[in-house]
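Heads up: the protein sequence lines correspond to chains X and Z, in order. Read left to right, the first sequence gives residues 1 to 210 (the numbering used here). Read left to right, the second sequence gives residues 211 to 322 (the numbering used here).
These are computed hints drawn from the structure, not numbers from a lab. Idealized CB from N, CA, C, for every residue including glycine. Don't take every hint at face value.
[Said to hold, decoys possible] Heads up, simulated EDC-like pairs for lysine to aspartate or glutamate below, C-alpha to C-alpha not over 20 angstroms straight-line:
1) LYS263/Z x ASP304/Z
2) LYS282/Z x ASP214/Z
3) LYS35/X x ASP239/Z
4) LYS282/Z x ASP248/Z
5) LYS263/Z x GLU273/Z
6) LYS35/X x ASP135/X
7) LYS35/X x ASP237/Z
8) LYS35/X x ASP248/Z
9) LYS274/Z x ASP304/Z
[As the list claims (entries may be wrong)] Selected chain X positions facing chain Z (Cβ under 8 angstroms, derived; list incomplete):
10) ALA22
11) ALA32
12) ARG33
13) LYS35
[Claimed, not checked] Covered by chain X, according to a simulated footprint, are these stretches of chain Z (three or more residues, beta-carbon under 8 angstroms):
14) 218-225
15) 240-246
16) 272-280
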Amino acid sequence: MNHTSDTTAAGNGGTLGPEQAAALLDQTTQQARRKFQPSPPWLLVTRAVMVLAALGAIWLSVRGQHPYRGPTAADIPVLVAFIVVNFAATVAVRRHATAGVSGRSRFSRGEITVLVLAIVAAVVAMAGLGAAGVDFATYPTSVLVIPGLAWTVLMAARANWRELATGLAIVVIGIVGAFAGPAGAWAVAAVGLCVMLLGSAAAIAWQQRA
Amino acid sequence: MNDDGLDPLIHVPTRLKIVATLAALPDGDTLSFTRLQDMIGLTPGNLIIHLRKLEDAGYISSEKTRNGSAQKTTVTLTRQGRAALGTYTQALRDLLGGLDRDGTADHEHRRT
C-alpha cells in the first residue's frame, strides 16, 4: 500500500488545499447523488403538475353530473396519455440513473413481480367490487390502495423511510377518496397526488444537498 | 496521513472524485467501470491507475465478469473506504473550522 503523497503526479488533477478539497468533495457528492437519483425532483414536480392538470380536468368535467356517470369520452384519452407518458418517463429516467449500477439501487425481479401483481390485484378487486355494487370500487382513488400498500411493504423491507412515507401517503389518498364521493374522489386524487409528489421532490432535493 | 491529518490516498482530486462518486451509492452497490469513467471524465488508463491505488489500500474492490466475449468490470467502495472517506471529511471539517476561527479561511471563502 503506497501512502506517500502523490498530489503532484501527472493525471491527478493538481494539488489540493483543504478548501478546494471541501468544495470538490461537496460538488462531486451532489453531482453523483443527482445522477444516481431514479426519481429526480424535476421529474416529480413535472409529474405533480401533470397529475393536477389531468385529474383536475376530469374532476371539473364530472363534478356537475347528477347522477354521476364518470369521465366523458373526451377525458379518457387524456387520462390514458397521462398514464403512458408518466410510465415511459419514469422508466427512461430510472434506466438512465441506474445504468451501470447493480445492487440495492435496482429493483429485484421479486420486487417488480410484487408491484405488477399489486396493480393487477387492484384492478381485479375494483372490477369485482364494482360488479357487486360497491360504490367506492369505481372511484379513481380506490385503485391506489393495494399498490400503495405493496410499495409501503417493499420500502419497509428496504428500510427506505422516505419512499415508505410516499407509499403510506398513497394509501391515505385512496382511503380519503372513498369518503369523498365519486366526483370528489377525482379532486382528492388530483390534489393528494400533487401534494405527495411535491413533498417527495422537496425531500429528495433536501437530501441531495445534505 | 499528511501534515494536515488528511489521508494522502484520498487527498488527490481524481481519487477524491472517485471515492465521493462511489460513496453516493448505497452501501454494497457496484458501479461499472464505464459509467464511473463517464462520470469522472478520465481516460481508461488513468482511471485504472487510480483504482489500483485505492484497491491496494482496501478502499475499493473490483470484480471482472465475462459475458460471452465482453468483459465487464465493476467497482464498489468497501466499508474501509467508506470509513476512510468519513475520517477524511471530518478532518477537512476540523481543518476548515480551525481556519475559520483565525479568520484565514473566511477571507479565502470570500476570495473564491
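Consistency of the hints with the structure:
At roughly 26 angstroms between alpha-carbon atoms, LYS263/Z and ASP304/Z are farther apart than 20 angstroms, so this suggested pair is violated. Distance hint between LYS282/Z and ASP214/Z is unfulfilled; the C-alpha atoms sit about 38 angstroms from each other, more than 20 angstroms. Straight-line distance between C-alpha atoms of LYS35/X and ASP239/Z comes to about 15 angstroms, which keeps the hinted pair within the 20 angstroms bound. Restraint check: the Cα-Cα separation between LYS282/Z and ASP248/Z comes to about 15 angstroms, which is no more than 20 angstroms; the hinted pair holds.
For the hint pairing LYS263/Z with GLU273/Z, the CA-to-CA distance comes to about 15 angstroms; that is within 20 angstroms, so the pair holds. For the hint linking LYS35/X to ASP135/X, the alpha-carbon distance of about 44 angstroms lies beyond 20 angstroms, and the restraint is violated. A hinted pair counts as satisfied when its Cα atoms are at most 20 angstroms apart, and LYS35/X with ASP237/Z qualifies at roughly 17 angstroms. Restraint check: the Cα-Cα separation between LYS35/X and ASP248/Z comes to about 11 angstroms, which is no more than 20 angstroms; the hinted pair holds.
Distance restraint check for LYS274/Z and ASP304/Z: the Cα-Cα separation of roughly 38 angstroms exceeds the 20 angstroms cut-off, and the hinted pair is therefore not satisfied. Hint status for ALA22/X: holds, given a least beta-carbon distance of 5 angstroms to chain Z, under 8 angstroms. Interface hint at ALA32/X: satisfied, since its Cβ lies 4 angstroms from the closest Cβ of chain Z, which is below the 8 angstroms cut-off. A hinted interface residue such as ARG33/X counts as satisfied when its beta carbon comes closer than 8 angstroms to some beta carbon of chain Z; here the least separation is about 5 angstroms, so the hint holds.
At its closest, the beta carbon of LYS35/X sits 6 angstroms from a beta carbon of chain Z; the interface hint therefore holds under the 8 angstroms criterion. With 7 residues having a beta carbon nearer than 8 angstroms to a beta carbon of chain X, the stretch 218-225 of chain Z meets the requirement of three or more and the stated coverage holds. Coverage of the stretch 240-246 of chain Z by chain X holds in this model, with 6 residues showing a Cβ closer than 8 angstroms to a Cβ of that chain against a need of three. Counting residues of the stretch 272-280 of chain Z whose beta carbon lies closer than 8 angstroms to any beta carbon of chain X gives 0, which falls below the threshold of three, so the coverage claim is violated.
Of the numbered hints listed earlier, those contradicted by the structure are 1, 2, 6, 9 and 16.
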